[in-house]
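Visitor: Chain order of the listed sequences is A and B. 74 is the number that our numbering gives to position 74 of the first sequence; each next residue is one higher, with no gaps. Whatever position you read off the second sequence (first residue = 1), add 1000 for our numbering.
Just so you know, the hints here were simulated from the structure itself, not pulled from any lab data. Among these hints, one or two may not hold up.
Chain B is faced by these chain A residues, among others (derived, beta-carbon under 8 Å) [stated by the list, open to error]:
1. Ala33
2. Leu44
3. Gln138
4. Val148
5. Tyr169
6. Val178
7. Thr182
8. Leu193
9. Leu194
Note that CB positions come from ideal geometry on N, CA and C, so glycine has one too.
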Amino acid sequence: MMLDRPQRLTLVAASKPAGKAPANAGVDDDDKARRFRDAALPHLDDVYTLARYLLRNGADAEDAVQECYLRALRHFDTYRGPAMKPWLFAILRNVCRSEFVRRSGVALTIDGRAEDDEDVVPLWQEAPLSPEANMLRQWDAETIRRLVAELPDLFREVIVLREINDLSYSEIADVVGVPIGTVMSRLARARSLLRKAWMDEEGART
Amino acid sequence: MTCAEAEIMLHALLDAELDAGHALAVETHLASCPRCEAQLQAYRELQKAMPAARLRFTAPASLRRRIEAALPAPPARVSSRRSVLKGFAMGSALSAAIAATLVVAVIRTDRDERAVGDALSAHLRSLQGEHLTDVQTSDQHTVKPWFNGKLEVAPPVVDLTAQGFRLIGGRLDYIDGRAVAAIVYRRRTHVINLFVAPAASPGRSSASIEKVQGFNIRRWDTDGLEFFAVSDIEAEELQEFGAKFEAGLREVGRT
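Let the sequences and hints guide you as you build the complete structure.
Guide: Here's what the structure looks like:
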């Protein structure tokens, strides 16, 4: 999650000129605030969900979401797309990243993994030999959330963006700031890890 | 297509992200490779086993409130406050310092606080310029009908001249964005504005007095109406005024 790559979306958002407010700023502000509410508040649960998975902590997630909305409002003047939800996600991701850097002083991932670990291990760790091997135990919501939360940062975020928020690959690429090919390989890796964890969970319980 | 390529591409197939040409290439490989085909089925199962609904969190209500509070207020409220502030901009008698502190009073978010701030603003406005009364008379039977058709409510008007509070007239004013009746009394050289509005919420039984920026404000509710008496007279005197007004109102009700 904590990448050093520049983020296209938020760089656009941050390029707002620091000029003086126009004389009719009051009226504009009312209108802006209203438009912002209408556009951004409906996504609050989604933004909060992403924050919960990125930070793995409820209180931190709340703070990050609040900061995300304040930043989004500040940059709303220059918002020209993409869709509102990915835009908010990109801002949230930056908030989480700077918060992490502030806390630790280093721009590593939370897991301390180097970024390029993702391509080292072969994808398919446990080839199923029969159709029965494909059957997966149905876990309760709490267990599924935990299994997802335990994924390494880079893979966790693509799973959350894809499976929970239904973003397209190109939207994920924009939010995360990587090429679509990288999104695809991370997602493949993420699902492989998740499936393994899923089956390990079953082993751990029996 | 190699198995290594297919292992990645089958996810894009699963997510319907491939164009027709690439989808066909992957499907061709899967048809001839049971191992990759098994993987596709396995991930399809995984996807089915983790519906988004079970993974989602709901933002706590407290977070929603915090964010809404941090956003600029919705337009309706802001404009009603602004009209109050505009009233100040037009008045010249007030010092900038008073105006500045009043801004603080006016933008307190709580509805009750706002009403108090507005009542004080209206009182101060009435003391500037020539606009203390729209209808000037000491006769309660002239003041009361004057409000007919101008307001949602018929404000009670009680003559308290005998009790030392001289009725001098009435006018229309605005509190919390609504038109209200202002009934004006005089105690020696002091003006008392009594604002009468429909009660926002029932249940305030006892009267309360608070001092805001050197002015006393007495609030009470009666029969679905909300009263704000604002003046620079002492709290005890304003208390007496309120009590006599309520007593007078009960007497009017009996006759």
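Visitor: Look at each hint and say if it fits the structure.
Guide: To see whether the hints hold, each was checked on the structure:
1. Ala33: holds (4 Å)
2. Leu44: holds (5 Å)
3. Gln138: Result: holds, 6 Å to nearest chain B Cβ.
4. Val148: holds (6 Å)
5. Tyr169: holds (5 Å)
6. Val178: violated (14 Å)
7. Thr182: violated (11 Å)
8. Leu193: It is violated, given that the least Cβ distance between A:Leu193 and chain B is near 11 Å, above 8 Å.
9. Leu194: Interface hint status for A:Leu194: holds (7 Å vs cutoff 8 Å).
In the structure shown, a violation is registered for the earlier hints numbered 6, 7, 8, in ascending order.
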